[in-house]
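S.K.: Respectively, the protein sequence lines represent chains P and B. If you want our numbering, it's the position in the first sequence, counting the first as 1, plus 621. If you want our numbering, it's the position in the second sequence, counting the first as 1, plus 28.
Source of the hints: derived by calculation from the structure; they are not laboratory data. Everything numeric in this text was worked out from a predicted model, so none of it was measured. Each hint can be trusted.
Straight-line distance between alpha carbons at most 20 Å, and here's what the computed SDA-like set of lysine to any residue pairs gives:
#1 P:K1016 / P:W941
#2 P:K842 / P:A724
#3 P:K627 / B:Q139
#4 P:K627 / B:E132
#5 P:K926 / B:L122
#6 P:K627 / B:R165
#7 P:K926 / B:G167
#8 P:K1011 / P:S943
#9 P:K1016 / B:N100
#10 P:K944 / B:S103
#11 B:K112 / B:E135
#12 P:K842 / P:N810
#13 P:K877 / P:P865
#14 P:K926 / P:L1009
#15 P:K926 / B:R123
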Amino acid sequence: MALSFKPIRSLLHTGTNSWSRWFSYIGLCIGVLLLLCSIQMYINIQQLLTEGGIRKNGFDFISITKTITNETMGKPEQNVFTEKDINEIKSQKFVENVAPLLANQFRVKLSAGEMLPFKTDLFLETLENDFIDTVPPSFTWQEGQTSLPIILSSDFFEIYNVFAPAQDLPQVSKETATGIPVTVTCEGNGREQAFTGKIVAFSDRINSVLVPKTFLDWGNKTFGQQGPIEAARLFIKTKDANAPELIKFLDQKKYKVNRDKTILGRNKIVIQSIFSGLGVFGLLVVILALMLFSFYLQLVIARSKDNLLLLLTLGYSPGWLSKNVSQRFVPIYILIVLFALVITELMQWAFHHFAMYDRPELSSFVHWSVGAIAVFLIALSLFTNYRLVKNLLYKLN
Amino acid sequence: MQLAIRHLLPAYFDQGVTDTSEIWGKDLVFEKGDFVKIVAPSGSGKSSLINFLYGMRNEYNGNILYSDKNINQFSLEELARYRKDHISIVFQDLRLFPDQAVRENIEIKRQLNPYHPANKITDMANRLGIGSKLSSRCGTCSYGEQQRIAIIRSLMQPFDILLLDEPFSHLDTKNSEKAMELMLEESRLRNATIIFADLERIDFFPFTRLYHL
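Take the sequences, apply the hints, and build the full model.
M.R.: Structure follows, in structure tokens:
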């Protein structure tokens, strides 16, 4: 027959000073709730701002241009980045990589057929695939290929839809736009060639009309004059677009940063910092509650000292007693953490439903890691209680 | 099993006591089945000896060996196992839980390592004349009754050694004899050693060895 704690339970004077016990329970509940909610909100922000964010694979991408002043106006050679500029930026320790946004050096015209009856001169640019936020597998071109994949800026597309009604042009959705073939005509060096362009993706990060690098290299060689690499815009790949040394370097060089794209990152950092702070506060409250409970346990053991000492004298193992004394509080601890978890779940549901209007990036359910933290907190509370009781009992003997 | 003492002397005793004592400072071995009577006047260290043997105190010089292991080097868990499985005791000061019922006091010890079924508590209590007290709160029982409760409690576990520290100090001769008879029966059942320390010799303990402390 297993040794029962039942006849021993009444030997512990747990009823005394119950206010400190209840204070610790309430404190633990508030602390756990704060901690779980903060973690959940941190994850929510992460999920909400990943879409359209400037980060890719853990890096920030920002575009820079040279500031055009009255002095440099009309002097394009002073407003473009030379190879030397590029190498200088690349050598900075806070810069992971740099890629120039290279433009066409020949004339390009665009017409969209009967459905969208307009013609326009166009510019094409290219950028290393690593720097583009959305690169579908079809974004490739080989010499001899008559179709041309294009990645269009989401902003440009929106601008088109804004001015289209005034020009008697139809407004189109992104889905339709990707299905409309357009004619891209390249001219130069006495030659002309038409390609069937197709929008294969939209970019939230790069305000340009992007084509594969192989096409632009071939086009510049075939229709234009091959000169040194000169780019009006550069893209910088960095671990933190908000790093002070990066901002300082760019300011010193009078390079203009595309601030819009970093504002999202800055806001995200601020909001996540607030919730991190709240999480730390929650953790502190949990620690305080555990400390308060440890005072209560010490009091219980001090008041039950004679009985516990006699049990040890009779041959009860201090390890067994510690385990069973601390296990007495398992149900209430589980109840407290579960209660906090249920409240977190309700808050997440309300946040998703009422504040976020069921946005698909978020879930109405708490993230699994929040549940894991809840389990960890239960284990932590039980372990600290067990250690405390064991130490106290060993001191008694 | 063998319980041995080697040059045992309380740290607070003068070395001179070893000249007159048959236990302090001597080498002794208690074998299984021995009935040892220790006669000692007040203040000669009777309770100290019993407490040393039970591992409750360690303010002594010399060694106490249980099955060749020095009990002074037992960890707290080993000490708990020693008390649960190998040695039992009737304290002079009884050491009962005053707020628990008589049966609960005995059951707390029995469940630790049950040698007898629970109904044996009733049998033994009836035999020692405290059957009607089993549901009473221990603190309300007389000293004589409490002494019998402590005796029954000590017989609930398996043991190789039974330590008795003035176990009949509050009992009349008739009740003492009954209790002694029960303890002898239980010890013989386990082929255990009894180490019985008292102020004077009593006729109804059939000791095999006698020592003067």
